[in-house]
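Given these sequences and hints, build the entire structure.
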Amino acid sequence: MTAPAPAPDFGRFVAASAAAGRLVVQPRMGFGDPGRMRAGLARTRAATAHTAGTLTVDSYTRVGDLAAARAAVAEGSRLNGYPIAAHSPATTRAVLDGLFDADFPVQVRHGSARPLAIVRALTAAGLDATEGGPVSYCLPYGRTPLRESVTAWARACELLATGARPGAVPHLESFGGCLLGQLCPPGLLVATSVLECLFFMQFGLRSVSLSYAQQTDPAQDEEALRALHRLAAEFLPDGIDHHVVLYTYMGVYPRTEQGATRLLEASARLAVRSGAGRLIVKTTAEAHRLPTVEENVRALETAAAAAALAGPPAPDPAAEGGGEVYEEARTLVETVLGLHPDLSRALPAAFERGLLDVPFCLHPDNAGRSLGFVDPGGRLRWARTGAMPIRPDAAADAAPLTSAGLLAALHHVADRYDSPRHRDRDSHRDSGEGHDRPQATPLTV
Amino acid sequence: MKILLSGTASDSHTWNLVYLRLFLQEQGHQVVGLGPCAPAELLLAGCLRHAPDAVVLSSVNGHGYRDGLAAVRRLRAEPALAGLPVVLGGKLGVAGHRQEADVARLTEAGCDAVLGEDLDALREFLAARARKEVPA
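These protein sequence lines map, in sequence, to chains L and Y. Following UniProt numbering, the numbering of the first sequence begins with 1 at its first residue and continues without gaps. Following UniProt numbering, the numbering of the second sequence begins with 1 at its first residue and continues without gaps.
Any given hint might turn out to be false.
[Said to hold, decoys possible] So the derived label-pair ranges between C-beta atoms look like this:
no.: 1; chain 1: Y; residue 1: Leu-119; chain 2: L; residue 2: Arg-353; range: 29 to 39 Å
no.: 2; chain 1: Y; residue 1: Leu-119; chain 2: L; residue 2: Glu-257; range: 41 to 51 Å
no.: 3; chain 1: L; residue 1: Gly-368; chain 2: Y; residue 2: Gln-30; range: 39 to 49 Å
no.: 4; chain 1: L; residue 1: Thr-162; chain 2: Y; residue 2: Lys-2; range: 29 to 39 Å
no.: 5; chain 1: Y; residue 1: Gly-83; chain 2: L; residue 2: Arg-70; range: 27 to 37 Å
no.: 6; chain 1: Y; residue 1: Leu-119; chain 2: L; residue 2: Gly-167; range: 49 to 59 Å
no.: 7; chain 1: Y; residue 1: Ala-121; chain 2: L; residue 2: Asp-342; range: 49 to 59 Å
no.: 8; chain 1: Y; residue 1: Lys-2; chain 2: L; residue 2: Ala-233; range: 49 to 59 Å
Think of the hints as simulated: they come from the structure by calculation, not from any bench. All C-beta atoms, glycine included, are put in the ideal place defined by N, C-alpha and C.
In structure tokens form, the structure reads like this:
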């Protein structure tokens, strides 16, 4: 008699991998066609890497236009993701059949501001791990009012926490460490991840992950990831399963294959040395178009190989003091928690008063008074902080932001990695020292 | 010129919009920004309310063709906007290369130009419209 396969458990899978010294790597992959989606998952599972699978949802489903998603499926149009609410639960189960198990958890990635239909569809198909957050996928991108997103996310959390199959431990990852992807100084990214995970817990989740997206400077990124660990330990109660997930650079990506590969490898080393349990990879196709399955598999294997060669995590150089990113993030978290014990009230209140303020964010519920810049050493700093309880950098230039300055800042990382001069420093530790950087870059403010 | 700048209905990208606003302002244009994820109805309402001299639609997420077609059809269905210049730029599909059949259908539906990512072409498109505005 065969025992039933143990239930896949996203958090436990990452924890067990970390205990075995292996970084979990995960693609961002979604196809409209169930057959292609299944093939993508099968190839991800078979990759020479410790992988988790991904169903990335298409953008019609993400904005709640299920009619458009269904119409596209009916017409056979190619979509930019898997329309989980347009396909039946049976179709999704067939996509997962024989692939999704304790050795291969699958996460649904979407980041919708109104995620109920997606959460209903994923639980109906037997899945229980997803991603997003009331702030992190409302403010930076769409036009859903923040209060509506908070209400929708509270209900989605409750549904995920209670609606998953018996024995499952549903997992929710905050997208808070990404916000607009680039040019947001790390303190706000770290604070948003912590606050969203606290929000998820308030509405019933017991297993969460805190995200952070690689930015412009390896040393600053390491500091941010350590701050995330430390704040998670301080603010999440005992018994809440959690891990840290790093995203390979989310902004403008290097155009050359070599530059793109080096940036991916640098993110894998950063993940290992700062104790992240999981890495969301990028491909060499990123600067040009949506990647193929093969390109995703290559990225997973490249990242896994770089991680395996990276050696054990380094001790935390700021273990005693905390550091600048930690102090800034802690101040933001405490300020928001001080507004109201219920985060579904505290978060909108914080944005209303500009106590949280995402730079370059066009959403009407964001104060829009903060601004980030890349300093001459390559570190991200605040030029303006608006009403946030943190100070801007005194050295910030007061010149107005121009399109050329913005473009240079957006391309700062890509240009550095595409530069032929970068080639010789491959073996350097990404510590921020020894970088052959171009001169001071340019996000003038 | 007064330009209405907007993302398309299912497209959440904003760096393109942040950049284009600065770029258009530096060309001397006045910009009204609708932001990302603007459904066709909102775009229509924005055009009627702000009476722009041109509409710039920008799409990155691979649904530029579908969303752009719906948007331009909605605008052209409104008689008051029959002569409003509309330009679509960015990515039309997920394939990574331009599909000429998509461009032709967008043009048939009333798009004055479909530009890809060429900012010089956008500058020239707007400059040509601006000259027409000047009375003889």
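Results of checking the hints against the structure:
1. Y:Leu-119 <-> L:Arg-353: 29 to 39 Å: Since the Cβ atoms of Y:Leu-119 and L:Arg-353 sit about 38 Å apart, the hinted range of 29 to 39 Å holds.
2. Y:Leu-119 <-> L:Glu-257: 41 to 51 Å: violated (26 Å)
3. L:Gly-368 <-> Y:Gln-30: 39 to 49 Å: Given range 39 to 49 Å: violated, Cβ gap about 19 Å.
4. L:Thr-162 <-> Y:Lys-2: 29 to 39 Å: violated (51 Å)
5. Y:Gly-83 <-> L:Arg-70: 27 to 37 Å: Roughly 35 Å apart at Cβ, these two residues keep to the hinted range, so it holds.
6. Y:Leu-119 <-> L:Gly-167: 49 to 59 Å: For Y:Leu-119 and L:Gly-167 the Cβ distance comes to about 55 Å; the hint holds.
7. Y:Ala-121 <-> L:Asp-342: 49 to 59 Å: Since the Cβ atoms of Y:Ala-121 and L:Asp-342 sit about 51 Å apart, the hinted range of 49 to 59 Å holds.
8. Y:Lys-2 <-> L:Ala-233: 49 to 59 Å: Because 53 Å falls inside the window, the suggested range holds.
Hint check: violations occur at hints 2, 3 and 4; the rest are consistent with the structure.
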